[in-house]
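Visitor: Put together the whole structure using the sequences plus the hints.
Sequences listed follow chains A and B, in order.
Here this note's numbering is used: position 100 in the first sequence is 713, and no number is missing along the way.
Here this note's numbering is used: position 24 in the second sequence is 433, and no number is missing along the way.
No lab work stands behind these hints, which were simulated from the structure alone.
In this text the structure is predicted, and so the values were computed from the model without any measurement.
Just to be clear, a hint being listed does not mean it is correct.
[Stated by the list, open to error] In silico DSBU-like links for lysine-lysine, alpha-carbon gap of 30 Å or less:
#1 LYS536/B / LYS620/B
#2 LYS521/B / LYS905/A
#3 LYS919/A / LYS527/B
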Amino acid sequence: MDMKRAYYEDIELFKSGTILFWTIVFLIVLFTFPLYLSDYSLYLLNLIMVYIIVSVGLNILVGSTGQISLGHAGFFAIGAYATVLIMTKLQIPFFVAIIAAAFIAAFFGFILGLPALRLEGPYLTIATLAFGLAIMHIIGHTPFFGGRAGLSAPTLDIGIPQIGLSWILETVMSKYYLVLAFTIIMVLFAINILKTRAGRAFVAIRDSDIAAEVIGINLTMYKTLSFALSAFYAGIAGGLFAFVLGFFDPFTFNLILSIIFIVMIVVGGLGSVMGSITGAALITYLMYDLFKNVGEVPFVGSLLIKVSEQWMTITGMDNFNYIALGLVMIGIMLFEPLGIFGAWIRIKKYWKTWPF
Amino acid sequence: MPFGQLLIDGLAMGACYGLFGLAVVIIYKTSEVLNFAAGEMAMFSTFVAFHVLVIYGCPFWLAFIVALVFAAILGVAIEYFFLRPAKNPTLIGLIVITIGAQMLLMGLASWKWGAEQKQFSIPVSYKVTYEPIPGFIISEWAAAVFIVAAVIMTFLYFFFQHTKLGTAMRATQQNKHAAKIMGIKTDRVFAFAWAFSSVIGVTAAMLLSAKTILDPGFMMEPFLRAFAAAVLGGLMSIPGVLIGGFIMGLIENFFGYVWPAWKPITAFVVIVLVLCVRPSGLFAKHYVKKV
Numbered sequence: 614m615d616m617k618r619a620y621y622e623d624i625e626l627f628k629s630g631t632i633l634f635w636t637i638v639f640l641i642v643l644f645t646f647p648l649y650l651s652d653y654s655l656y657l658l659n660l661i662m663v664y665i666i667v668s669v670g671l672n673i674l675v676g677s678t679g680q681i682s683l684g685h686a687g688f689f690a691i692g693a694y695a696t697v698l699i700m701t702k703l704q705i706p707f708f709v710a711i712i713a714a715a716f717i718a719a720f721f722g723f724i725l726g727l728p729a730l731r732l733e734g735p736y737l738t739i740a741t742l743a744f745g746l747a748i749m750h751i752i753g754h755t756p757f758f759g760g761r762a763g764l765s766a767p768t769l770d771i772g773i774p775q776i777g778l779s780w781i782l783e784t785v786m787s788k789y790y791l792v793l794a795f796t797i798i799m800v801l802f803a804i805n806i807l808k809t810r811a812g813r814a815f816v817a818i819r820d821s822d823i824a825a826e827v828i829g830i831n832l833t834m835y836k837t838l839s840f841a842l843s844a845f846y847a848g849i850a851g852g853l854f855a856f857v858l859g860f861f862d863p864f865t866f867n868l869i870l871s872i873i874f875i876v877m878i879v880v881g882g883l884g885s886v887m888g889s890i891t892g893a894a895l896i897t898y899l900m901y902d903l904f905k906n907v908g909e910v911p912f913v914g915s916l917l918i919k920v921s922e923q924w925m926t927i928t929g930m931d932n933f934n935y936i937a938l939g940l941v942m943i944g945i946m947l948f949e950p951l952g953i954f955g956a957w958i959r960i961k962k963y964w965k966t967w968p969f
Numbered sequence: 410m411p412f413g414q415l416l417i418d419g420l421a422m423g424a425c426y427g428l429f430g431l432a433v434v435i436i437y438k439t440s441e442v443l444n445f446a447a448g449e450m451a452m453f454s455t456f457v458a459f460h461v462l463v464i465y466g467c468p469f470w471l472a473f474i475v476a477l478v479f480a481a482i483l484g485v486a487i488e489y490f491f492l493r494p495a496k497n498p499t500l501i502g503l504i505v506i507t508i509g510a511q512m513l514l515m516g517l518a519s520w521k522w523g524a525e526q527k528q529f530s531i532p533v534s535y536k537v538t539y540e541p542i543p544g545f546i547i548s549e550w551a552a553a554v555f556i557v558a559a560v561i562m563t564f565l566y567f568f569f570q571h572t573k574l575g576t577a578m579r580a581t582q583q584n585k586h587a588a589k590i591m592g593i594k595t596d597r598v599f600a601f602a603w604a605f606s607s608v609i610g611v612t613a614a615m616l617l618s619a620k621t622i623l624d625p626g627f628m629m630e631p632f633l634r635a636f637a638a639a640v641l642g643g644l645m646s647i648p649g650v651l652i653g654g655f656i657m658g659l660i661e662n663f664f665g666y667v668w669p670a671w672k673p674i675t676a677f678v679v680i681v682l683v684l685c686v687r688p689s690g691l692f693a694k695h696y697v698k699k700v
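Guide: Structure, rendered in structure tokens:
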């Protein structure tokens, strides 16, 4: 968005000392959250961070490479199931299991990337959508994966219990630090990879795949790489999600979840890491906290209850969640098509050039 | 189950999917918008019919007409309020808008009518059956589906080929700006397309709801199948979507009979395989993209 005058400016992580300072302050604040937040808030933050990892990964695929995926819940499910099953059935430590699960997800991403070489637009949408549904049904119908009843995550032991080095994380607070560490690493990795040869290749493919091919970018390699990378992120997030929730069944990973992922990155801003972070945080907060308990919000809540009693059904009031989310999605697309990140850029530009 | 009945049931379901796929295709053909809200628009209008029929106790024909009118208004309203104001929308932006509309409608319907399942009956029942040829049992419902599909299909064929508005719709799809220069009011064309699609959608949804049940989520699965059928047919061709629908219905019925557990996904697997061989569906004319 700003003009780059040298290669170094393009690859540097922090554009100025101010940004570095505020990033550090923000991280310190993140690390102190467990001191004064309730367990419920920490659980919500865990969920937010898991979704941040997914949406950062999805944004590499959708925002930077210009492909579309409505099947990311499938990769998310693969990550969750593979992590738990590798840990319980093979007795392998957590860190190895989650990385292995992410690589399994990445492999499936590579497989899905192959048809994507020939498909685009609506056709790619239906292919990825079919993938997500297929994963959900395969898991739901196979007793090995726990079937419809779902799976419970084992106790989270991040040491190596096989040789006696046990380090069990039980409280929400300790899980918070684990998820936070993963999130920071994955976000840094995403910011960096977008500044490498691969990242620039992704952007070139998004802008015009034919032109990219002409200047010597291997489409087969980079399109499948983008799918695999994005699936890797979803796999890691899935592994963490399994332990944040503790219990999950195949229908947790339905089409709606894939759609929610897309909504997160579109609301946050396509093609920007910061955008996916804000989008994921905002949508998760709205969905899992504010709109879910809208009846308890002062004034608005009682008004809604009155409306429900008068014209609607009171049992159906939970569905206000969907209504509000739908309105947020439409509103963002109509008034700020570039998402929160676009709004931020506009505000920044406005104040930088003020009063002109 | 005998072969004949599987065949006829598959074809009838396929005709429903094809009919509903038409709702997706008409909008895509004119404005290149993938309408993910199609299922919920039809569901909402069906609920309006249900409300008029059961709560107000009106006769069926009145409820049917009210639902059609409501569907047309709903389609135009969604186009007018949600899609028209979008500035330079991208494919994914349009998808997000329609998904937003879908969530909005689903939330409103389950807020208004509750999530519990309702019984919605139309004058034709799938329990009344005839056997014109031994082994081929056809229910009243299936016959009605075939007739409705045939009528709508013929109408659409003549509409797109031989009327002024149909030609305007095709022109708008090919080049919006050129169509505008030729004096076509493209905004009005889009509104018409949405109304049309919504009306066809609610017809298909009423037929489907008579076979299954009526609840705020009942159109989700049929919509995905109809969408898949439309993609199989190439998203552009009117006969293609019906053939795609038949293929979907038949595959689903036959495979579903052999492996009931995998019924929900067989059709999707087939779609993906077909797309791998023919990336833009079976019947699409392939346009080479300009660089």
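Visitor: Taking the earlier hints as the rules, which of them does this structure contradict?
Guide: none
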